[in-house]
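**Student:** Following the hints, position chain H against chain R.
Spelled out, the chains give:
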Amino acid sequence: MPEDAIENLPDGLKPGPPEGWERAWWRPMNYGLAMLVVALFGVPLIWMIATSLRPLGMPPATQFEWLPPMLSLTNYPQLFRILEIGLFARNSVMVVLIAVPLTLLTASLAGFALAELGPRLRGILVTVSVIAMLVPAITLWITRFLVFKWVGILDTPMALIAPAIMGTSPLFVLMFAWAFQRLPRELIEQAMIDGASPWRVWWTLALPLVRPITLAVAILSAKYYWSDFISPLFYIQSQEFYTLPIGLQALQQMDRTNWPLLMAGSVLLTLPVLVVFILAQRYFFQEERQRGWLEQR
Amino acid sequence: MASWRLGVSVLTFYVLRFTLRPTRLRLTRFTGIWYAGATVFRIPQYRKHLLIMLAPYILGLSGLVLLPTLMTAPIAFVDFDALSPPRPVGLDNFREMRRDDQFWNGLKASLILLLIAVPLRVCGALLLALLLRARQWGFGFFRGVAYLPTIIPDVAYALVWLYIFNPLYGPLNSISQMFASGAENELMPAGAPPGIWLTDPRAAQVAIMLMLMFTVGEGFVLLLAGLHEIPGDIYDAAALDGASGFDQVTRITLPLLAPSLILLTVRDTIFVLEASFVAATIVTLGGPYYATSYLPFWIYQNVTDFQRFGYGAAMTWVLFAITLAVVAVQFWVARRWRGIQYA
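Protein chains in written order, with the numbering used here: chain R, 87 to 383; chain H, 617 to 959.
Okay, chain R solo, but in the shape it has when bound:
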């Protein structure tokens, strides 16, 4: 019997199980299960926000509740009153504003050089980068402290920005290198024949073509510097240089049980990351893939 004859048979007469029969019962279950799991993952953030809205001075809840009986934003101004949250936030913003462009600059330059250098040197450098990526940050704390002390940037914001000169993480450099390597070779050679210097090729040709990678590195490194807790804990002592995460820890040490206030501080720290994440979500899950001539290589 020819193939299409089988295809054209009515459903009941087709040989084998009916189409999609094993999926039929699974689909709604999959949906329900997914919703359940996802609800579980959303809960910490929901509790954080809900608790931060409990009015100042209201006694804590003794029973479980999703939302406090009265909602107010009084905890947020209170934060600024009892601690110099404004200063800490400004420090954090400054660190991010300096470190992220610096990261983009060094990581993309190094990535471009890695992509353009000969295979032998590239192989060595990629290996070193991967090894550096595997070194646990914990093993670096002590000696970085001593290096910073020796250089004289201990207890200054420079100590927080310092990783930016190596592109924050070797991963970011490798991300750029892989992106640049995917660019069509002829394009870069053509630019070189036309007399463009490598700097010019990098700035006017290569960088604009890898914009999604630039965006990803910018977001990831901004998140790193914004939420970095360990570096300021180790390298910063003066309160004038505290960043927001350390300020939050100070808040916790001042007032251990004022949960609405602590949660308000947490929301303040989380909100910028959340907004950026929501805006950039489609890039994270690669739902919008870079298509067209760049993908041919």
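Derived by calculation from the structure, the hints in this document are not laboratory data.
Keep in mind the model is a prediction, meaning the values are calculated, not measured.
Where is the CB? At the ideal position from N, CA and C, for every residue including glycine.
It cannot be assumed that every hint is accurate.
As the list claims (entries may be wrong) - Per label pair, the in silico range of CB-to-CB distance:
#1 R:368 x H:875: 21 to 31 Å
#2 R:121 x H:739: 15 to 25 Å
#3 H:861 x R:206: 41 to 51 Å
#4 R:206 x H:817: 47 to 57 Å
#5 R:204 x H:905: 56 to 66 Å
#6 R:128 x H:945: 27 to 37 Å
#7 R:119 x H:736: 16 to 26 Å
#8 H:783 x R:160: 18 to 28 Å
#9 R:360 x H:816: 28 to 38 Å
#10 R:121 x H:664: 51 to 61 Å
#11 H:852 x R:172: 35 to 45 Å
**Tutor:** Same frame as chain R, now just chain H:
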């Protein structure tokens, strides 16, 4: 004199030999444009510019990662408080470690954490990716929500869990009391034992593992990308041959995901050690009864509270060696597992 002539000619020979060496042997294709094996166009000093571009990265990498890693070794053999000059003490730091109950306690806690939390996290990320990979309506939103706990900054995340575990007002306790029966009063409702989460040593360890289970977003995204790379034809062929859904996962998905899984396990090992430090610093303060004073936390205390850089470096060394050993074992297991798969 013949001798200086000989000297000059030998010198000339070698100078000529090295300067007149066919230049293309020393050039890579990146120093210029090649045509039919000959350099037809050379960018002056292209390579030099590339090396200048690379310089900050190399400088930073050696100053902030490579040098500090290597420096840990000599510091482990001195007594150093960062104020007075270091005093060499030989192996004393390591001898002290042997007698230090805190060290062994921290080591044990860290290893238990690694042994339980890392496999759970990898499995969790895998299950999440399998569950949420569908391209159905609403799943894009689900994927976003599943990633949410990962983006919350460490301190805020730890504070939220400190609140969740709170014995009196924490949601977890209120929920468990909703299900418990018995007399209640306003302040301390009776029923389920209140607040065991952070006061019982074993429960505190479980609590930290629980809070680590929610931050699997990065592994989830990595595995999701891996799942989408697997062509659907393979599953169709397997289904045609009568493979059940479970078989498809164990025989097709897992072996094809193996590289991602290995990468993820290695990364998670390092991540968990670091996350355990933040959790111990904020949620449990190393307690109760030092149950959660993991090795990184004990190192931190030695360095900042007691100014004992030498001893801290010695312990860091041990921690580093253990991490390397764990990673090596993971690679070994993964290779054997793949060997079995393809045999």
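**Student:** Indicate, hint by hint, whether the structure satisfies it.
**Tutor:** The hints, checked one at a time:
The hinted window of 21 to 31 Å between residue 368 of chain R and residue 875 of chain H holds, with their beta carbons roughly 25 Å apart. With their beta carbons about 21 Å apart, residue 121 of chain R and residue 739 of chain H fall inside the hinted range of 15 to 25 Å. Distance hint for residue 861 of chain H and residue 206 of chain R: a CB-CB separation of about 47 Å, consistent with the stated range 41 to 51 Å. Checking the proposed 47 to 57 Å range against residue 206 of chain R and residue 817 of chain H shows it holds: the Cβ atoms sit about 54 Å from each other.
For the pair residue 204 of chain R and residue 905 of chain H, the beta carbons lie near 58 Å from each other, so the given range of 56 to 66 Å is met. Taken as a hint, the range 27 to 37 Å holds for the pair residue 128 of chain R and residue 945 of chain H, whose Cβ atoms sit roughly 36 Å apart. Hint check: residue 119 of chain R to residue 736 of chain H, Cβ distance near 18 Å, so the stated range 16 to 26 Å holds. One distance hint, 18 to 28 Å for the beta-carbon pair residue 783 of chain H and residue 160 of chain R, holds here, with the actual separation near 26 Å.
Distance hint for residue 360 of chain R and residue 816 of chain H: a CB-CB separation of about 34 Å, consistent with the stated range 28 to 38 Å. The hinted window of 51 to 61 Å between residue 121 of chain R and residue 664 of chain H holds, with their beta carbons roughly 59 Å apart. Look at residue 852 of chain H against residue 172 of chain R: about 59 Å separates their beta carbons, and that is not inside 35 to 45 Å.
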